[in-house]
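Protein sequences, first through last, are from chains A and B.
For what it's worth, this note's numbering labels the leading residue of the first sequence as 6, then goes sequentially.
For what it's worth, this note's numbering labels the leading residue of the second sequence as 6, then goes sequentially.
If you are wondering where the hints come from, they were derived from the structure by calculation, not from laboratory data.
Treat the hints loosely; a few may be bogus.
Copies of the same chain look alike in the list, so a pair counts if it fits in one copy or across any two.
As the list claims (entries may be wrong) - Computed list of lysine-lysine pairs in DSBU-like fashion (alpha-carbon distance at most 35 Å, straight line):
1) K200 x K86
2) K98 x K270
3) K85 x K334
4) K200 x K85
5) K86 x K123
6) K334 x K260
7) K260 x K98
8) K334 x K98
Okay, here's what each chain looks like letter by letter:
There are 2 protein chains.
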Amino acid sequence: MIRIAVDAMGGDFGVVVTIPASLAFLSNHADAELLLVGQTPVLQSHALYAQLLAHPRCRMVEASEVVTMDDSIEIALRRKKNSSMRVAVNQVKDGSAQAAVSAGNTGALMAVARYVLKTMDGIDRPAIATQLPNAVGGATTVLDLGANVDCTEDHLLQFAVMGSALVAAISENLTPSVGLLNIGEEAIKGSEVIKKAGELLRSASNSGDLNFYGNVEGNDIFKGTTDIVVCDGFVGNVALKTSEGLAGMIGSFIKTEFSRNIFTKMAGVVAYPVLSAVKSRMDHRRYNGAALLGLQGLVFKSHGSADAFAFERALNRAYDAARNSLLEKVYERITHAAPLLVMTKVLPAVVAVPTSYLISTDATVFAPTH
Amino acid sequence: MIRIAVDAMGGDFGVVVTIPASLAFLSNHADAELLLVGQTPVLQSHALYAQLLAHPRCRMVEASEVVTMDDSIEIALRRKKNSSMRVAVNQVKDGSAQAAVSAGNTGALMAVARYVLKTMDGIDRPAIATQLPNAVGGATTVLDLGANVDCTEDHLLQFAVMGSALVAAISENLTPSVGLLNIGEEAIKGSEVIKKAGELLRSASNSGDLNFYGNVEGNDIFKGTTDIVVCDGFVGNVALKTSEGLAGMIGSFIKTEFSRNIFTKMAGVVAYPVLSAVKSRMDHRRYNGAALLGLQGLVFKSHGSADAFAFERALNRAYDAARNSLLEKVYERITHAAPLLVMTKVLPAVVAVPTSYLISTDATVFAPTH
Numbered sequence: 006m007i008r009i010a011v012d013a014m015g016g017d018f019g020v021v022v023t024i025p026a027s028l029a030f031l032s033n034h035a036d037a038e039l040l041l042v043g044q045t046p047v048l049q050s051h052a053l054y055a056q057l058l059a060h061p062r063c064r065m066v067e068a069s070e071v072v073t074m075d076d077s078i079e080i081a082l083r084r085k086k087n088s089s090m091r092v093a094v095n096q097v098k099d100g101s102a103q104a105a106v107s108a109g110n111t112g113a114l115m116a117v118a119r120y121v122l123k124t125m126d127g128i129d130r131p132a133i134a135t136q137l138p139n140a141v142g143g144a145t146t147v148l149d150l151g152a153n154v155d156c157t158e159d160h161l162l163q164f165a166v167m168g169s170a171l172v173a174a175i176s177e178n179l180t181p182s183v184g185l186l187n188i189g190e191e192a193i194k195g196s197e198v199i200k201k202a203g204e205l206l207r208s209a210s211n212s213g214d215l216n217f218y219g220n221v222e223g224n225d226i227f228k229g230t231t232d233i234v235v236c237d238g239f240v241g242n243v244a245l246k247t248s249e250g251l252a253g254m255i256g257s258f259i260k261t262e263f264s265r266n267i268f269t270k271m272a273g274v275v276a277y278p279v280l281s282a283v284k285s286r287m288d289h290r291r292y293n294g295a296a297l298l299g300l301q302g303l304v305f306k307s308h309g310s311a312d313a314f315a316f317e318r319a320l321n322r323a324y325d326a327a328r329n330s331l332l333e334k335v336y337e338r339i340t341h342a343a344p345l346l347v348m349t350k351v352l353p354a355v356v357a358v359p360t361s362y363l364i365s366t367d368a369t370v371f372a373p374t375h
Numbered sequence: 006m007i008r009i010a011v012d013a014m015g016g017d018f019g020v021v022v023t024i025p026a027s028l029a030f031l032s033n034h035a036d037a038e039l040l041l042v043g044q045t046p047v048l049q050s051h052a053l054y055a056q057l058l059a060h061p062r063c064r065m066v067e068a069s070e071v072v073t074m075d076d077s078i079e080i081a082l083r084r085k086k087n088s089s090m091r092v093a094v095n096q097v098k099d100g101s102a103q104a105a106v107s108a109g110n111t112g113a114l115m116a117v118a119r120y121v122l123k124t125m126d127g128i129d130r131p132a133i134a135t136q137l138p139n140a141v142g143g144a145t146t147v148l149d150l151g152a153n154v155d156c157t158e159d160h161l162l163q164f165a166v167m168g169s170a171l172v173a174a175i176s177e178n179l180t181p182s183v184g185l186l187n188i189g190e191e192a193i194k195g196s197e198v199i200k201k202a203g204e205l206l207r208s209a210s211n212s213g214d215l216n217f218y219g220n221v222e223g224n225d226i227f228k229g230t231t232d233i234v235v236c237d238g239f240v241g242n243v244a245l246k247t248s249e250g251l252a253g254m255i256g257s258f259i260k261t262e263f264s265r266n267i268f269t270k271m272a273g274v275v276a277y278p279v280l281s282a283v284k285s286r287m288d289h290r291r292y293n294g295a296a297l298l299g300l301q302g303l304v305f306k307s308h309g310s311a312d313a314f315a316f317e318r319a320l321n322r323a324y325d326a327a328r329n330s331l332l333e334k335v336y337e338r339i340t341h342a343a344p345l346l347v348m349t350k351v352l353p354a355v356v357a358v359p360t361s362y363l364i365s366t367d368a369t370v371f372a373p374t375h
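Next up, chain A with everything else stripped away, as it sits in the complex (with noise of 0.2 Å):
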């Protein structure tokens, strides 16, 4: 049984979503239990609470307050310590489930985290890893997406192999392949950070470790050319919102046209179908679920205007994580590398992200007709 604890008050819509998100999850499922995190009248006031709770396997726990979107860091952490959000992340803690997922304020959540797991051994900062679809049809993985600037060719190093534990869990491809964000292909190019990484990640590669594809740039991530692109968490974050902006710009520009006039609506009606599936083929929903990768526990954060079939989706991420042992996937080879981690140490100690750091990575990329 794959126990999963939800934050159903977190993100824009909160049990809105959250709640039928749920049913439609266990009916799916039928090896999961899900705990219900949430203030008991706000869960009240949704029409199919009484039926999700009736579920066998489900089970509401407390929490009296709930972390906004816009609460600061120091907000959520140290005056909301009784949120949705913490006593999700706390029921992981407590072994009661093997992984939390939330739609609520990403730094808010990373932070929570951060504080009730803690990061593993050999991991200094956890980050975020999400999917983007990619031109051959699969996804590309992508760590860091903005939990960590002025990250060391260590930190990258520590995504590299977190990003490899997560998708060997997921997709069952055991050697998945790992590119280098950088600005040009050669191993010459880039900063000194990036340089330094191209050396360490070579190494793993040799070690066994990882499968070091070497470097690629922005527009590999949606050609698919590695199954993974590790880069630091502001450049991710650029890419993430750049992305999401030429997306909502195309998609802008092609209903703007495709109004303009009579005639226009009406190839419109025509090309219905076919823009809808491209649309589906592109739909971030389908990608919704980003795991927070190098706590000791399991953590799953959903975009926060996620809806249900989306919020589902992360819930099956978190599942499919907690079933394959993501955990100890992570651990087993984040301990395998450790002497490529531990070599690393002789550079400048790490010094851990200040929580200020952390940022929304909540970049709806692949909406582009609505």
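Guided by the hints, dock chain B onto chain A, whose structure is given.
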């Protein structure tokens, strides 16, 4: 009279593109002259060469060598001293031309231009600035696009000042707004360099050196939140290439879905004019011509794969810049901002960027449907 030196041999297509573009440019600009730089035998091989040579406002300048797209910077700089690229830049140095345009290899062009023309006083590193279309119907000027990695806050300030001069010269918007690319809007977010750059840009804004909007995120580039977006070359290059990858993926998805069967093909025929209009709005060719800023002379880089239409746009851009005294405007703004630029000199000395950092910015961002 505005005189432009054209590297007729550069780019993927050389004279096939540069000769027709030059003819079209001369027809459209009665007060422009061109210096066509290249190897006579190759120029002569083009059917329109005789017509161009006979043009009263075109003159040929011999160059015995060509920098190929694959030539290393070292070869371009040290072995091919009589390349069409170098000779074109020399025309600017000598005062024979007010600007040079080349579709050749970006790294080589930057290195040659920097070597021949030198940087302006107050500028440590030249930057590459390009325009990207935005959702508000205009274009956002982004710099740096990859000439510089590991930028300091000082460099980012220089980019902001130079970008402001560029937009002021070309668009006649005298106080273009500047956004600092970051991973959140709040001043507290970002890397150490970005935070310091934010302070510096605010000071520059207070002293009237620029119109600083504040931090922007990746999606703001295509939203058109500010006229200018300033970033480290690493980040700018990743953002540009990621956009290229996404646009390519969307384009290929649209193509695949419309080619699926006879019905979707018919829908494609109906939708074609509308999708062409969308494509035209994002036509990267219209924005061709990146400025190399910070040099003691005007140099513009055309996309390597530019066709004649696109190459003519790059010529137009160089012409506009020369006619609107871009060089003097950059110089004036740098001089005005000198106290701030000097103030930052107490920071660690800036090391000139090794030429090996220079990378290609040839990203075909907006060619979604071909």
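(message) Within, between, both or neither: how does the pair K200, K85 come out at a Cα-Cα threshold of 35 Å?
(response) Cα proximity of K200 and K85: across copies only (29 Å, versus 42 Å in one copy).
(request) Since the copies are identical, ignore which copy is meant and state whether K86 and K123 lie within 35 Å (CA to CA) inside a copy, between copies, both or neither. (result) within (16 Å within a copy, 59 Å between copies)
(message) Cα distance capped at 35 Å. Does K334 pair with K98 within a copy, between copies, both, or neither?
(response) within (18 Å within a copy, 61 Å between copies)
(request) Go through the copies and call it for K334 and K260: within, between, both or neither, with a Cα cutoff of 35 Å. (result) For K334 and K260, the Cα distance exceeds 35 Å both inside one copy (45 Å) and across copies (40 Å).
(message) Regarding K260 and K98, is the shortest C-alpha distance of 35 Å or less found within a copy, between copies, in both, or in neither?
(response) neither (47 Å within a copy, 48 Å between copies)
(request) Could you figure out if K200 and K86 sit no more than 35 Å apart (CA to CA) within one copy, between two copies, both or neither? (result) between (42 Å within a copy, 30 Å between copies)
(request) If the cutoff is 35 Å on CA atoms, where do K98 and K270 land: within, between, both or neither? Let me know, please. (result) Classified as neither; 55 Å inside a copy, 55 Å across copies.
(message) At most 35 Å between alpha carbons: which applies to K85 and K334, within, between, both or neither?
(response) within (32 Å within a copy, 54 Å between copies)
Violated hints, in rising order: 2, 6 and 7; the structure is consistent with all others.
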